[in-house]
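So the protein sequences, as listed, match chains G and V.
Residue numbering for the first sequence is 1 to 40, as defined by our numbering.
Residue numbering for the second sequence is 1 to 286, as defined by our numbering.
No lab work stands behind these hints, which were simulated from the structure alone.
On a predicted model such as this, the values are computed, not experimentally measured, just so you know.
Any given hint could turn out to be false.
Chain V side only, calculated, beta carbon under 8 Å to chain G, not exhaustive [said to hold, decoys possible]: (1) HIS97; (2) SER116; (3) CYS118; (4) GLY119; (5) GLY126; (6) PRO127; (7) PHE128; (8) TYR129; (9) ALA132; (10) VAL161; (11) GLU165.
Some chain V residues judged to face chain G by a derived CB distance under 10 Å, without partners named [to be verified]: (12) TYR137; (13) PHE142; (14) HIS172; (15) THR177; (16) SER196; (17) LEU199; (18) GLU200; (19) ALA203; (20) ALA235; (21) GLY237; (22) LEU241; (23) SER253; (24) HIS256; (25) ARG262.
Ideal Cβ positions, reconstructed from N, Cα and C, are used throughout, including at glycine.
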Amino acid sequence: MNLPSYRFDILFGLTYFWPYLPASKIITLCSGEDEDKATM
Amino acid sequence: MQWRGRRQSNHVDDQRGRSGGGGFDGLPIKGGIGVVVVIIVISLITGNNPLSLLQQISLDNGPSVSQSTPYQASPEEEELSQFVAVVLADTEDVWNHLLSDYREPTLVLFSGSVQSGCGNADASTGPFYCSADEKLYIDLSFYEELKNRFDAPGDFAQAYVVAHEVGHHVQHLMGITDKVQGMRGQLSEEEYNKLSVKLELQADFLAGVWAHHANEIFSMIEAGDIDEAMNAASAIGDDRLQKQARGYVVPDSFTHGTSEQRKRWFSKGYQTGDINQGDTFNATSL
Ligand SMILES: [Zn+2]
Numbered sequence: 001m002n003l004p005s006y007r008f009d010i011l012f013g014l015t016y017f018w019p020y021l022p023a024s025k026i027i028t029l030c031s032g033e034d035e036d037k038a039t040m
Numbered sequence: 001m002q003w004r005g006r007r008q009s010n011h012v013d014d015q016r017g018r019s020g021g022g023g024f025d026g027l028p029i030k031g032g033i034g035v036v037v038v039i040i041v042i043s044l045i046t047g048n049n050p051l052s053l054l055q056q057i058s059l060d061n062g063p064s065v066s067q068s069t070p071y072q073a074s075p076e077e078e079e080l081s082q083f084v085a086v087v088l089a090d091t092e093d094v095w096n097h098l099l100s101d102y103r104e105p106t107l108v109l110f111s112g113s114v115q116s117g118c119g120n121a122d123a124s125t126g127p128f129y130c131s132a133d134e135k136l137y138i139d140l141s142f143y144e145e146l147k148n149r150f151d152a153p154g155d156f157a158q159a160y161v162v163a164h165e166v167g168h169h170v171q172h173l174m175g176i177t178d179k180v181q182g183m184r185g186q187l188s189e190e191e192y193n194k195l196s197v198k199l200e201l202q203a204d205f206l207a208g209v210w211a212h213h214a215n216e217i218f219s220m221i222e223a224g225d226i227d228e229a230m231n232a233a234s235a236i237g238d239d240r241l242q243k244q245a246r247g248y249v250v251p252d253s254f255t256h257g258t259s260e261q262r263k264r265w266f267s268k269g270y271q272t273g274d275i276n277q278g279d280t281f282n283a284t285s286l
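Based on the sequences and whatever the hints tell you, model everything.
This is the structure we're talking about:
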């Protein structure tokens with residue numbers, strides 16, 4: 001596989017901004033069964 | 001509740017039988033933006049076109065049921081879809097009456113999973129509101145759960161669910177939702193949960209305000225209706241749900257309020273009918 005170098009830049013950028021991606025803004029009626037859903 | 005023969009809202013978007021929405025049919029991964037990012041990353045590594053990758057994933061899950069097969073709803077579910085369209089129309093009448101520049105939200109009926117403006121969701125999410133697209137989403141199978149699993153039967157329990165979600169829409173129009181969600185990054189999880197409880201209790205309060213005014217306009221509340229709504233509010237309190245799920249409660253993790261609180265704020269809205277009485281954010285006690 002030959003990867004052009006710009007792909008690494010984009011990959012790095014995505015990893016860097018990962019924590020800043022918007023959290024889901026879903027507002028529910030009640031808390032759900034799966035506790036990992038922070039939006040409940 | 002008396003509802004037959006009354007106006008049905010035309011802001012109902014029936015997406016039942018169409019799972020997931022555009023292009024993401026049957027995708028086993030949750031969370032809209034996460035999925036997109038993962039696919040972009042994979043396509044960057046492999047050098048594939050992200051769109052063809054998406055198609056491949058859909059094909060791997062077998063033929064999609066969307067579009068080709070018309071959704072087969074039971075007669076009960078058909079009646080339920082008419083019922084929620086009447087309740088939505090009632091919320092339009094009440095909130096247009098109470099607020100000068102009310103924008104009517106859309107109610108999306110879905111089955112299985114749905115793509116909302118706030119990301120992917122499935123039936124396990126339960127009914128929800130998305131402020132990004134100003135739509136409320138309900139999988140009607142939730143009502144089966146409300147009756148059987150939560151032990152909260154009755155048409156007014158079902159109306160309360162719609163009114164609660166419309167309450168979130170009213171909060172969004174008032175700028176409250178955006179303010180609360182904007183605090184998310186600045187607060188600890190515990191602190192944010194406390195704000196979330198206030199937001200949810202206010203939605204319950206607004207559901208009560210709706211019931212008050214809807215009854216003034218349509219005299220549609222029958223004996224037992226308010227008890228049905230109160231019972232539903234109580235059935236989905238955080239303490240009740242946590243006790244059922246794991247046998248103990250963790251108050252710091254509450255996001256929607258206790259059974260008592262949810263009942264109390266719905267009741268306060270119903271009794272006063274006054275939106276100014278619903279400032280849960282500055283209330284000395286919830
Ligand atoms: Zn809610």
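Do the numbers back the hint for GLY119 (chain V), that is, is its least Cβ distance to chain G under 8 Å? At about 5 Å, which falls below the 8 Å cut-off, the nearest Cβ of chain G leaves the hint on GLY119 (chain V) intact, so it holds.
Answer holds if the nearest beta-carbon of chain G is closer than 10 Å to that of ARG262 (chain V); otherwise answer violated. Holds: closest Cβ of chain G sits about 9 Å from ARG262 (chain V), inside 10 Å.
Taking the closest Cβ pair, is GLU165 (chain V) under 8 Å from chain G? Since the shortest Cβ distance to chain G is 7 Å, the answer is holds.
Under the criterion of a CB-CB separation shorter than 8 Å, is SER116 (chain V) in contact with chain G as hinted? Constraint on SER116 (chain V) satisfied, holds at 7 Å.
Does VAL161 (chain V) pass the interface hint, meaning its C-beta sits closer than 8 Å to a C-beta of chain G? holds (6 Å)
Was the hint right that LEU241 (chain V) lines chain G, CB cutoff 10 Å? holds (6 Å)
Minimum beta-carbon distance criterion (10 Å), GLY237 (chain V) to chain G: holds (8 Å)
At a threshold of 10 Å, is the proposed contact between TYR137 (chain V) and chain G supported by beta-carbon distances? holds (8 Å)
Quick one, is the GLY126 (chain V) hint okay against chain G at 8 Å, beta carbons? With a minimum Cβ separation of about 5 Å from chain G (threshold 8 Å), the hint on GLY126 (chain V) holds.
Go through the hint on THR177 (chain V) and say holds or violated, using the shortest Cβ distance to chain G against 10 Å. Where the cut-off is 10 Å and the nearest Cβ of chain G is about 7 Å from THR177 (chain V), the hint holds.
The hint names PHE128 (chain V) as touching chain G; please verify it with the least Cβ-Cβ distance against 8 Å. Hint on PHE128 (chain V): holds, closest Cβ of chain G at ~5 Å, below 8 Å.
Residue hint ALA235 (chain V), partner chain G, criterion CB-CB below 10 Å: holds (9 Å)
Comparing the model with each numbered hint stated earlier shows that hint 1 is the single one that does not hold.
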